[in-house]
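Sequences are here, hints too, so could you generate the full structure?
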Amino acid sequence: MADYNLVKGHDIRIAGVPKNSVVEGKAPEFVALKPSEFRGVKPKLMVQEGGHVKIGTPLFHDKTNSQITWPSPGSGEITEIKYGPRRVIEKIVIKLSDEESSESFSSYNPQELNNLSREKILSALLKGSIFPFIRQRPFNKVPDPDIIPRDIFISGWNSSPLAVNLDLALRRRLPQFQAGVDILNKLTDGKVHLSYNENTVSDTLLNVRGARAHTFNGPHPAGNVGIQIHHISPINLNDLVWTVNAQDVVRIGNFFLTGKLDTTLFVTVGGPSVLNPVHIKSRLGSKIEYLLKDNLSEDENRVISGDVLTGTKSSLEDFIEFYHSTISVVPHETSREFLGMLRPGSSSSRYSLTNAFIGSRQKDYSFNTLKNGSERYILPIDTWENVLPMDIIPNALYRAIYANDIEEMEQLGIIECDEEDFALCSFACPSKIDVGGMIRQGLDLMEEEG
Amino acid sequence: MLGLLKKVLDKYRENFEEGGKLERLYPIYEATDTILFSTNEVTETGPHIRDSIDTKRVMILVVISLLPLYFFGATNIGFQNSIAIGLERSNWENFWFGFSKILPIIIVTFTAGAFWELLFAVVRKHPVSEGFLVTCALIPLTMPAGIPLWQIVVATTFGIVIGKEIFGGVGMNIFNPALMARVFIFFTYPTKISGDKVWVLGPDGYSGATALSIPAAELNQDAFTLLNNFGQFDYSWWNMFWGWIPGSIGETNKFLIIIGALFLAYIKIVNWRVMFGAVLGLVGTALLTNLVAPFSSNSMFTIPPHYHLVMGSFLFGTAFMATEPVTGCHTNQGRWIYGILFGSLTVIIRSINPAYPEGVMLSILFVNAFAALIDWFVIQANIKRRQARYAQ
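Heads up: the sequence lines are chains A and B, in that order.
Its first residue numbered 0, the first sequence is counted upward by one per residue in numbering that gives the first Met the number 0.
Its first residue numbered 0, the second sequence is counted upward by one per residue in numbering that gives the first Met the number 0.
Calculated directly from the structure, the hints in this document are not laboratory data.
Among these hints, one or two may not hold up.
Claimed, not checked - Covered stretches of chain B, going by a simulated chain A footprint (3 or more residues, C-beta under 8 Å):
1. 32–45
2. 165–179
3. 284–291
4. 361–368
5. 374–388
As the list claims (entries may be wrong) - Restraint ranges, calculated between C-beta atoms of paired labels, are given here:
6. A216/B with G358/A: 19 to 25 Å
7. L279/B with N206/A: 40 to 46 Å
8. L117/B with L341/A: 42 to 48 Å
9. L117/B with D2/A: 19 to 25 Å
10. Y265/B with K43/A: 55 to 61 Å
Claimed, not checked - A few chain B residues that face chain A, going by a derived Cβ cut-off under 10 Å, partial list only:
11. V122
12. S128
13. G201
14. P202
Only a predicted model underlies this, so the values are computations on that prediction, with no experimental measurement involved.
Yeah, the Cβ is synthetic: ideal placement off N, Cα and C, and Gly gets one too.
Put into structure tokens, the structure is as follows:
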């Protein structure tokens, strides 16, 4: 047990924070899995349009590692397999049948779990298509199951804007969470690390055994698992660790206890455009329309799968992504202000981490999609450094990536980084530089060159 | 009215966009358009929301922090002139006299600066950088009021073209462009920017020593006594602080400079570490020179630290030149070293360099040159920490 009090970072005070209450979501008619969102995966379909699938039926596998398969988030008929440019499989859409059924695998009682071997657990995870819920660092992608991770990290605290309160999502899930942690413990020779916040009250998180607990306090991104790894036990050269979302730990545990894929997903809908921001008990891969029904102000909006910093541009017709549990909606704005740069500013029109505007850090600010400026050269006034709680020099790293200097990137610690941890840098940058995107570019280059 | 303006801009937009008749001039159109109306560019990927700050706002705030210096500078020029010609004038009259002298300098600087910035933006196809506003606002403040206008044109050209654009524009430059402009005049036309004759607009041949040149001219004297007994101008500490002394247009009033510096530090545009380090370096080195003063004939060694602070352009350089983010250090540890080195070098050049009693300009350019090296050491330390961990 260790306490980490991080100072750098920022909690964006965006309007539309989800209430701390859960509503039962409307049952969606369609769910989907989106193969294109999995980094580095070359999907090979295992089903056809018109075919019928159950919950947990493998839909596709990775061409380079065919033992990794992805599960169907619903039971019903495959109504559409949508291809994007260059025949990239964008999404596999399933129309849910009234009576859903699940693929069934071996189940165990909690005592039996401790006697399972690593091989057996791994083959169960792969056979049950549960494995993709695990991701690795560096590179933040689905790992190679044959490599034993040094440690496994779970963040039990979401610090990102409008994110799910895990106290709510994990309520009364201790048995499943415990089973999940036990399973993960078998998969690594190191430790399972679980981090939460000083304000965490969840029984599930506080009472689980077998995980090394850490308390992380401070503004976002202190809840990001990448930041936590950096402080608990940083990724060294040739290290490989796994990360699992807390809700997916429950899913893994439940899979071993029942033999079935639990499709429950607690989702938040929030943001300035959402009339009633709230937690919704929904399911994996739900069509976003069902989550936001009658809950939007009528302006033109940007619907985002994920949080406002790292999420993906989406729409009501689209589906929530595999690892996301937030739907954010912000107004899409294109108006222009006369002599905007000379205005003193006010709490309703400006939000800044600098003090360059009067009253610019008010609560419940109604953000929109305006960039508020054009892209310029790097202006090194520490806007990046002040929101990055890592022993990494973002400016130097950015330049190394810009110059495609792999050796220097590595020396400056790129393997400890992921774009989601740098999203606040892009948010705060006066030159509107996409720092996270550059980090991703560097990681891709590292991966390519081995 | 605003609607009309917007309509006019939108109407001609297509001429400047790709394929339009005036495609090449797009940077100029874009600059005009976005200065008048804030841009309506929207985010495409995450982060979908952005901070309200942009470089335009940053630069315009720096310019605003310089405005009081212009007002005071104009008044002081009139005041010094009224003493030189022995005429009683009110502050307003002094201001208008000074204003009439510096307005041409401002106009010429901005015209020359804008010309080069726009030309390079068009030729090199980069967006017009708002940084030139700050450069052009700084250049007149570093000049004596009597500087010939054609020299201003040449110097601004040198500052913008050689100081900045040949490196690829703002963000890539090594030296502060405004200082490059000043150093150009300093080395090519020294009679117009150094010596005792240029600091006051007076009758021909009127001479007035600056505070720094007084102890520089004497051997084995105590600077404190020399300054306080100087008859021609009041070089007491407080008068130098309030700035009613001869000097470059913007450097004399330390009070307004400190206000500007605090403002910029408060809004988080400049880094207080550089300024704090600079004062630390200056005071520390001045104390050292005071210690060796009894063993030397150099009167400059006897200047007390608090006099060093208000003499010459040290505070002006600290607040507005050394803190320039691009040409300074980019790491916080580096900024401390950078600041201390700057302050310390200022005293060393002032005390030891026999040719010229002011050292601020040269020491800033000197630490500019070293900024990347200082950062390199900080970055290497970061790398070593990581490698030590890998080795375990």
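Structure-based check of all given hints:
1. Here the region 32–45 of chain B counts 13 residues with a CB under 8 Å from a CB of chain A, which clears the bar of 3, and the coverage holds.
2. Coverage of the region 165–179 of chain B by chain A holds. Counting CB-CB distances below 8 Å, 4 residues qualify, and the rule asks for three or more.
3. Counting residues of the region 284–291 of chain B whose beta carbon lies closer than 8 Å to any beta carbon of chain A gives 0, which falls below the threshold of three, so the coverage claim is violated.
4. Residue count for the region 361–368 of chain B with a Cβ under 8 Å from a Cβ of chain A: 0. That is fewer than the three needed, and the coverage hint is violated.
5. Beta-carbon proximity to chain A at under 8 Å applies to 9 residues in the region 374–388 of chain B; the threshold of 3 is reached and the given coverage holds.
6. Look at A216/B against G358/A: about 53 Å separates their beta carbons, and that is not inside 19 to 25 Å.
7. Our hint of 40 to 46 Å for L279/B and N206/A is violated, since their Cβ atoms are close to 53 Å apart.
8. The hinted window of 42 to 48 Å between L117/B and L341/A is violated, with their beta carbons roughly 21 Å apart.
9. Checked against the hint of 19 to 25 Å, the pair L117/B and D2/A fails, with Cβ atoms roughly 55 Å apart.
10. Between Y265/B and K43/A the C-beta distance comes to about 58 Å, which sits within the given range of 55 to 61 Å.
11. Violation of the interface hint for V122/B is found here, the shortest Cβ-Cβ separation to chain A being roughly 17 Å, above the 10 Å cut-off.
12. At its closest, the beta carbon of S128/B sits 7 Å from a beta carbon of chain A; the interface hint therefore holds under the 10 Å criterion.
13. A cut of 10 Å between beta carbons decides the hint on G201/B: the least distance to chain A is about 38 Å, and the hint is violated.
14. For P202/B, the shortest C-beta to C-beta distance to chain A is roughly 42 Å, which exceeds 10 Å, and the interface hint is violated.
Taken one by one, the earlier hints fail for this structure at numbers 3, 4, 6, 7, 8, 9, 11, 13 and 14, listed in ascending order.
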